[in-house]
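There are 2 protein chains.
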Amino acid sequence: SRLISSTQNWFLLAAMGIMIGLIAGALNVITAWLGSIRVGHCSGNFYLSKAFCCWGQDEESCSGWSSWSTFGFLNYLIYVGISLFLSFTAAILVKTYATSAAGSGISEIKCIVSGFVMEGFLGWWTLLIKSIGLPLAIASGLSVGKEGPSVHYAVCVGNSIAKLVRKYRRSASKAREFLTATSAAGVAVAFGSPMGGVLFSIEEISSVFQLSTIWKSYFCSLVAVTTLAAMNPFRTGQLVLFEVTYDTNWHYFEIPLYIVIGIFGGIYGIVVSKFNIRVVAFRKKYLANFAVREVFILSLLTASFSYFNEYLRLDMTEAMQILFHECDSNFSHPICDPNSKKIPLLASLIFATVARMGLTIITYGCKVPAGIFVPSMAAGATFGRALGIIVDSYYQNHKDSFIFQNCSATGRCIIPGTYAFLGAAAGLSGITDLTVTVVIIMFELTGALRYIIPTMIVVAITKSINDKWGKGGIADQMIKFNGLPHIDAKEEFTFDTTVESAMSTVLVAFPSDPNEAITVEQLKSTLSKTKFRGYPVIHSSTNPKISGFVSRSEVELVVKNYEGVSNDTLCNFGSTNPTSASEVDFRSILNRSPLTINIDCPLEYVLEIFVKMGPRYILVEHEGVLVGIITRKDVLRYEYTLHSSHDVNAIQQSQ
Amino acid sequence: SRLISSTQNWFLLAAMGIMIGLIAGALNVITAWLGSIRVGHCSGNFYLSKAFCCWGQDEESCSGWSSWSTFGFLNYLIYVGISLFLSFTAAILVKTYATSAAGSGISEIKCIVSGFVMEGFLGWWTLLIKSIGLPLAIASGLSVGKEGPSVHYAVCVGNSIAKLVRKYRRSASKAREFLTATSAAGVAVAFGSPMGGVLFSIEEISSVFQLSTIWKSYFCSLVAVTTLAAMNPFRTGQLVLFEVTYDTNWHYFEIPLYIVIGIFGGIYGIVVSKFNIRVVAFRKKYLANFAVREVFILSLLTASFSYFNEYLRLDMTEAMQILFHECDSNFSHPICDPNSKKIPLLASLIFATVARMGLTIITYGCKVPAGIFVPSMAAGATFGRALGIIVDSYYQNHKDSFIFQNCSATGRCIIPGTYAFLGAAAGLSGITDLTVTVVIIMFELTGALRYIIPTMIVVAITKSINDKWGKGGIADQMIKFNGLPHIDAKEEFTFDTTVESAMSTVLVAFPSDPNEAITVEQLKSTLSKTKFRGYPVIHSSTNPKISGFVSRSEVELVVKNYEGVSNDTLCNFGSTNPTSASEVDFRSILNRSPLTINIDCPLEYVLEIFVKMGPRYILVEHEGVLVGIITRKDVLRYEYTLHSSHDVNAIQQSQ
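Chains as they are written, first to last, in the numbering used here: chain A, 1 to 655; chain B, 1 to 655.
Don't read these hints as lab results, they were simulated from the structure. One or more hints might be untrue.
What the hints assert, rightly or not - Quick look at which bits of chain A chain B covers, simulated, 3 or more residues with Cβ under 8 Å:
1) 195–205
2) 213–220
3) 451–457
4) 592–599
5) 604–612
6) 618–626
Glycine included, C-beta positions come from ideal geometry on N, C-alpha and C.
One chain only, chain A, in its complex shape (with noise of 0.2 Å):
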């Protein structure tokens, strides 16, 4: 029964990689050509997208391709027009049928993971509303991306796919490696990144960390990014939108270059989850009931001025592949011609940056699926694109100077999509506060193999100003602000107190003693009048010494097996000596030995076992006799006293 155990598992674990990939695979298609829909038409092929449409051909000078008139103002209006359709369908969607499919859903499945329950949120409806929104909100330009909805649909599909089979329906513990194993699927599709996918679960996902999940979430993303390549979305045998190489190499003058980089990376993150917290407070506050009418605003807002900057226009995948480009004779945009003007670039790519930090802090956190992974790639490769083009500017006009001795004669020596690549690695690292993951995120994008110990090396100035000045990653803040219920089993902790501050009394305990014992009756109304998932058993109330512990559950289903019994038969928590021969038996259920710390144990110590070892309780005692007990959620609601005002009543705890 192992055996059939283990590959129900493997096959369950591949029908979630098939299904998430084939999701991946059709929203790449449909958010294709809601994209290109804005701007025009396939004449005669009203269902193909501008890229499918122009196959072959020169995307600018595409037959096939028609703008919806001659007229520009029109195509504006028309190009407003579409974009607040799309974004206002996607709002009414996640307002009518799944308000949980609304913004990324990081933060939540954190929480979930780690233990906690919340109704609905990775359900079948989440899933077909995170799946229908999704592309609707990226094609309407708003200033979105995929991957934190990624992770969120391709989990819902771990938990909805799981639940099928009656052990996971049970035990949401068993379930809970299934979600981790989605969550990098998830990413893996999104990014076109197996492996980004894979330490994206051990480094932002997961709790607790066993080789087993590891090795799930690694078949998990294998499946999930094959059957997507199978798919083909893109028709190009490639992964994702673009692929770059750098056949150059990078020079050690570049290395300051690549810490201001890392530098901006660092302030972006702090300055953009800083403010966007406050957006979502004022949202929270003032916006509560007009969700709909505030994503019609801001799709309002990006449509009519993004269409005037090329980086804004564009979908945020394309422009970050041009951004990227080595410029070479292959390679004929304006932003590679030696003859432009560099000033009017500049300022165009520089407008593109603070414009893409401005839509983001206020458009991440609305009522649509909504990531913001993507964004601040975006906002960095500009940035990066912009540093990199003065650099270059300033090479070529001192090319003698001694800084650039090492630059071949013949070759180019700057090269700035390198540097957009690195700024979009900043922009990630600066938001998310991953390392690893970025690191072998960037790498699986772009393969740049030479370019891996600068992208170390950004990513690390980015992550040392954060850890310095800023508050963490935007998940981890949102978990904060929301007051959502979560330890992070990956930190330390600090508290100065014993257990004994933040255990909860106990109100309700079993008497084991037979001469103590309670009646059917008693037992009933005990269980109907107290919430508690659980009740300690202890000798009696004169001697209260520890004997076990029995879960609600687990009682409930005992009493009713004996559902005819008389209301005065007594219960029998463990006597070896039953006073009566109809006495209710629950000595089956009882757990002889629940985990028992001292009263005076340091509080650090209590949630360093919760996080590590996830019990549901702890018992307190003091010389064998019980005084207290403890649970995630008192040491919660004691941080939370701690530390701010929160609404700790929102808290639920699984098992």
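Chain A is fixed; fit chain B onto it per the hints.
For chain B alone, coordinates are given in the frame of chain A:
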């Protein structure tokens, strides 16, 4: 002071990274020179290796480089003679100065990082001898790699530098993060793969998982690799000896072939580790006193018959460079010649695979610095190339088959080099049982972005086979075989018993009741008669409730402070009403809330506590009364008595 401490940590890590990078650079240069001196010398510039001597020229027609003699057989004798001399020197050095410098060292490092002490294993002497012995052993042509030893010398650097600081000299647990971080740097410099190093430290070395440790590994790897890159030991600007890129995409019909390669990897891992363990057992039993002679004979055997096969004679990295290569116009090697006879080529490759396996089985574990990663990759590469050549020749003869319909008509379809590349991944994964690390290392070695899915498929198949029929990676098998004390934190455990079966009964406990207080003389006698690292404190012998725990070292410190007192003075272990004014007070060192569990607690859970929480001991109680004590050593002893009959007296636990 917190800031200073943190700054100090980063300085230490940077110092470690720089030192590791410098050593790695020096070793690369020395190894290349020693390796090429076996076949000839550079006229006029004796100190140059063949690659530097022939810089800018074709190595075949290089004017500066001369063979030792014009007479072929004499060359052969000189080749064998120098090989023997090199390996002999390495063996003598290891035997005379640092026996712990033998072998790979990864198994032992895993144990040390998980909390056990091995005196001298990570000292300056080991560092010195490992660094000198490694190039000698590799250049001698023995079937050994440099990765395991690189990790070992890197961790020696980490340990030795950390020990220069007082606080890390005193606390092994605090120094442990440095060991993990430097192990990452070790792999990073050996493979030129900084991210692979980080993942190696996560997947293989670290016993608990904390983001701060990952971040330290990342930083240390980055510094080490940047130092190595700045030294530029190969003068190619590259971190690895070779860089391969593939321009052609893979095809779906190749997946079954990738599965074959994956199966090879699994079989390779299982066969090599199984027979290697037997050879190691034989060596331990019969060859313990003949370590140098054994190395001499191994070297004679290897050198004398490797000379006649190109893939065995060459340095393994050079051989892999050739094997990985795509056949194009820039690469004129017999392996790519379309007119060459396929049968002798195949025979040569298959012979090299089998011989490499045999040599690795008998060599790994001999008394010179020796890793098994690169030999495994080399064996996989020859196998993969052979398979690739077979498939390619089938394709050449059946171009019209429907299988090959997706091959582009003009270009090449089957790239045998990619099969060699995937074979190397399979070999590496088969022997180490690692997944994520292997994919990232292969990726960083070659930048083969397009081949990430095939690599993942191959590694997944290898891993599945290992999981089903193998016994884990060679490092873990060596740990078990040698009876080293190690609990793998990342695996799940199954014991079907309670803590009672494995715990020790308490032989000595100090009473806190003043009426039973022991005298200083009694205490001293107890300390000298027993070797425990700590003692429980109970209420009194008639009421043995747990009062706390004192550690031996702190008790000794208190005793030392009270040196002048009479031997009749009573000891106070926690009483609040002292019996006499002149008592020796141990209350300040008493841990009043030691970790305690119930005697009915499952042993599995206890093991989980040890692994995840890392306590030194757990007290076992029944209704508040002390009934036993359990340490990691007890759990391991129980496991060993259950599973095998290894020597458990060698186990020594830290802290």
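Do the hints match the structure? See the list:
no.	hint	in the structure
1	195–205	holds (count 5)
2	213–220	holds (count 4)
3	451–457	holds (count 4)
4	592–599	holds (count 8)
5	604–612	holds (count 3)
6	618–626	holds (count 4)
Violated hints for the displayed structure: none, as all numbered hints are satisfied.
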